[in-house]
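Chain residues, written in single-letter form:
2 protein chains.
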Amino acid sequence: MAKSRARQFAIGVDYGTNSVRALVVDVADGAEVATHVYNYPSGHQGILLDPKDPNLARQNPADYIEGFFKSVKGALKAAQKTRGFRPEHVIGIGVDTTGSTPIPVDRAGMPLALQPKFKRSLAAQAWLWKDHTGHAEAAEITQRARQTQAPYLAKCGGTYSSEWFWSKILHCKRSAPQVFAAAYAWVELADFIPGYLTGRLDPHTVPRGICPAGHKAMYNDQWGGLPSEEFLAGLDPDLVEVRRRYATRAVPADQEAGELTAQVAQKVGLPAGIPVAVGAFDAHTGAVGAGIKPGTLVKIIGTSTCDMMVAPMDQPLADIPGLCGIVPGSIIPGMYGLEAGQSAVGDIFNWFASHLAPKQYVAKGDAHANLTREAQRLKPGQSGLLALDWNNGNRTILVDPLLCGLLIGQTLHTTAAEIYRALIEATAFGALTIIKRFEEYGVAVHEVVNCGGIAEKNPFLMQIYADVCNRPMKISRSAQTCALGAAIFGAVVGGAYRTTEEAQARMTGVKPKVYRPNPSAAPVYAELYPLYRTLHDAFGTADGQGQLYRVMKDLIAIRNRVRKR
Amino acid sequence: MAKSRARQFAIGVDYGTNSVRALVVDVADGAEVATHVYNYPSGHQGILLDPKDPNLARQNPADYIEGFFKSVKGALKAAQKTRGFRPEHVIGIGVDTTGSTPIPVDRAGMPLALQPKFKRSLAAQAWLWKDHTGHAEAAEITQRARQTQAPYLAKCGGTYSSEWFWSKILHCKRSAPQVFAAAYAWVELADFIPGYLTGRLDPHTVPRGICPAGHKAMYNDQWGGLPSEEFLAGLDPDLVEVRRRYATRAVPADQEAGELTAQVAQKVGLPAGIPVAVGAFDAHTGAVGAGIKPGTLVKIIGTSTCDMMVAPMDQPLADIPGLCGIVPGSIIPGMYGLEAGQSAVGDIFNWFASHLAPKQYVAKGDAHANLTREAQRLKPGQSGLLALDWNNGNRTILVDPLLCGLLIGQTLHTTAAEIYRALIEATAFGALTIIKRFEEYGVAVHEVVNCGGIAEKNPFLMQIYADVCNRPMKISRSAQTCALGAAIFGAVVGGAYRTTEEAQARMTGVKPKVYRPNPSAAPVYAELYPLYRTLHDAFGTADGQGQLYRVMKDLIAIRNRVRKR
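Top to bottom, those sequences are chains A and B. If you read the first sequence in this note's numbering, its first letter stands for residue 1, the second for the next number, and so on. If you read the second sequence in this note's numbering, its first letter stands for residue 1, the second for the next number, and so on.
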């Protein structure tokens, strides 16, 4: 009997908002062999907050480094129980992270925050994706791009976001000039980790992923990489240096960043020299792990959502207003990667459950489960409530982090469960708005594959999404699509597959259970959606209903002024 | 030493939404000698509800009769402890009630609901003021008055309300024709009680108060009493009979309805023959008890508010759009009585505290107290929240019971206490809107006197009202102004004073504590109010912002349709 070839494994390391997960997968079929999660120990669930500024969200970079060691070591330990697994069988490592999460670093490429001097400085930490402190700078960047007729916004929806690279760096310059001055360069978390693992941290040469560069830093080969020195100098002359120290060409995640250093390898119990893929964002590897292909919308539903599509590069693709980004190669190398999303989904339900669920829902068991039990007894439209899903702003299609929540229709009898359902419905209306925007610009959505914690665990929500969108909702086979997608890139750089698509074909799939629109619910939601859209346009667009567009802005301006007193 | 004249007392009987209160006062100075409250035993806190229709609110008329006996007997018992009190010293009785609270009665004037056959019929009960089931009929009445150019709406704000007499009766005809057919006539609760006490219940001759007639039944001596037979016949020919059985002239509350019958007197332990005043609504006697006079706005703040003013009849007074009513003699005989109000104030806070206050606020102590403690630490504008106070519709100035609540500005950090404060502020903005409307039409507000449970017990709210309205807020000396006002009319019909004003001068007053605008808060509210007004006009008026006006209506239409399935 011929001796069977040894099994091969890849590791995906997925840096989320509150924790990092390592996943060991079998490259033959994507089978998930072992996983381990490490919760960031710093701050509130890993996030450093400022009680005086709800827009601020930072992270301690030490948590990322420790997180790699702990999560990979834990996953390897668990994998040892699998027959046939040996650390020597790991052929590649892929990494994905949140983003835009830029980190100010020193000349060696190490985070400033690791220096005792900057340990307590919020500005010296990693600027987490959901940090919105740079909203004024984002508006300034948008305005400058429009005034100078620079092409940079065309591929990011026409509006630069406060969540992104340059807004944060410029805000650091303005609000914490001593940190800005001490930083030799700025590196995205998605680039820092592969650089750290492979010993290629020098800011001038650290392998930069096309995904963070293209979606958040206005990088595009079409205009020679990052925005021009002239453009940046017009915002602040010091940004020119930031550009100069970012000089390498950005590449897709199927490219090798380097090989695992002996030092890191030893720490986790792997052989040195394993190929490490270039980094990408979690949503993008998640889309890969969920089997994204042309016509397939992948929705990653968690605290926020990402709505990912790809489009062939041999056909013309319009610039799509309000889409966060269109970047060649950012999801699947060789295809346009399209990113949309909702700034808060699970976060809205968590906010409601922790801040407004009365005693009877929390006395026994989980508040979400108790609210859901009651909410699912309601019929669509029965509560008379309607909400906007903007508690954390609107990412697509309005690209406005300063929008906020709205609830309408309360009576003296309105219950918590009714509001909870209205909030779920609001996020579904937001999801439909994104689908419509894709299709309005010629990107047909033939299939929707959902993944992420909420898609996995919330059949009530998924049914509402099917009813509101009036489309079947499929669920990704893997519960860890981001880590699986990272592992797929690990498998590709490890040589198991020639292309990302080949790896996807073997390593991804959907579950048998499909949520289909309920014929009695969908028509009611078809009536409610125009009402949602009326509110959406009135409060979200300047050309909507005149002064209503100002209401949320003015409230926030007053709030910010009062809080600073 | 000359023997001092025996002290004289009057009794005010105040029929509220959940209970009836009897108050024994000294007619010399309004000193409150004794009081007793009887909670209506039927339904939910005295209110009969229909789980299928949130608009329905009825009461069991038997509770009113039993309530008179129990409350007056209890108050007299307590009064016996006062030196110098004897039941023989009671010189008059006044009565006030909620309204419009029409009751279908038989030929003898007794409520149909007392008959075994109708005991369980919701339509045969008293139709409580906050019953909104007749909203379609209200719209029909408004439309007919406009089409026929009848003058009837000019004195009630231009829109007939679902809370009022004819809407309810017409809705009974349409929805419960067997009850309508069995009813010989319809009598307001405010007229039923004096009629019952004095044995003058015959519907044709029961003393009808100008207050209920003028404010709720479109009665005006200017056009010969109730609306014409022709007008009513156009709505429904059967309404003509209702009019014919209501033929007496309506009179102010300083007139005597009759004398206490021996039967009732014996039941409560009073001498027979005591003069009983014509009935009025609680808000109107409350205004009297709070010392209303030209230039003084009396706000009665409870579950809802009433905003009362009087104006001299020797000066011209414009019809004021959106004001519930302008009726000669309805508050102080010989002056115009002006009534405005907010459909829900305390009810909104109660809704929030009981439906949305999380565990930490209810675990220990009163939810309102706990929410207030945290809410009062916030500065105006600090939460970024803004609400509309329409959870129970809008009475003034929009006169639209189908409006509903709205909250805007929620983030992922918004707390229950922030929302609680925003709801209080919303009611303050609503209060300011009413003051502005009075002044826009030439009725100057020189002073604001507040009364009612909330004015008494909620200094936090009163300070916000002072800050939002940017005016001092005074508090009525009496905590029972409605009952005191009724007792004042008892004192007048009992002969202690020649006029209501004379009695007021002796029997009413304000407390030393005055809430004055905080110079740091008022300017912020002056910025927030235009935002409130923008939302108010956009969602509340058809000429505001176009389609937004439809949103609440459409939500309710969908809700009603879905619920009926």
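Treat the hints as calculated values from the structure; they're not laboratory data. Hints should not be assumed to be uniformly reliable.
When chains are identical, the list treats them as one kind, so a pair holds in a single copy or across two.
[Stated by the list, open to error] Restricting the straight-line Cα-Cα distance to at most 20 Å, the calculated cross-link-like pairs of lysine to any residue (SDA-like) are:
| id | residue 1 | residue 2 |
| --- | --- | --- |
| 1 | Lys359 | Ala369 |
| 2 | Lys379 | Val562 |
| 3 | Lys564 | Ala526 |
| 4 | Lys564 | Pro519 |
| 5 | Lys77 | Val37 |
| 6 | Lys119 | Ala272 |
| 7 | Lys553 | Thr534 |
| 8 | Lys73 | Pro87 |
| 9 | Lys564 | Val524 |
| 10 | Lys359 | Asn370 |
| 11 | Lys70 | Tyr497 |
Bear in mind the structure is a predicted one, so any value in this text is a computation, not a measurement.
- Query: Are there hints from earlier that the structure breaks, and if so, what are their numbers?
  - Reply: Those not satisfied are hints 6 and 11.
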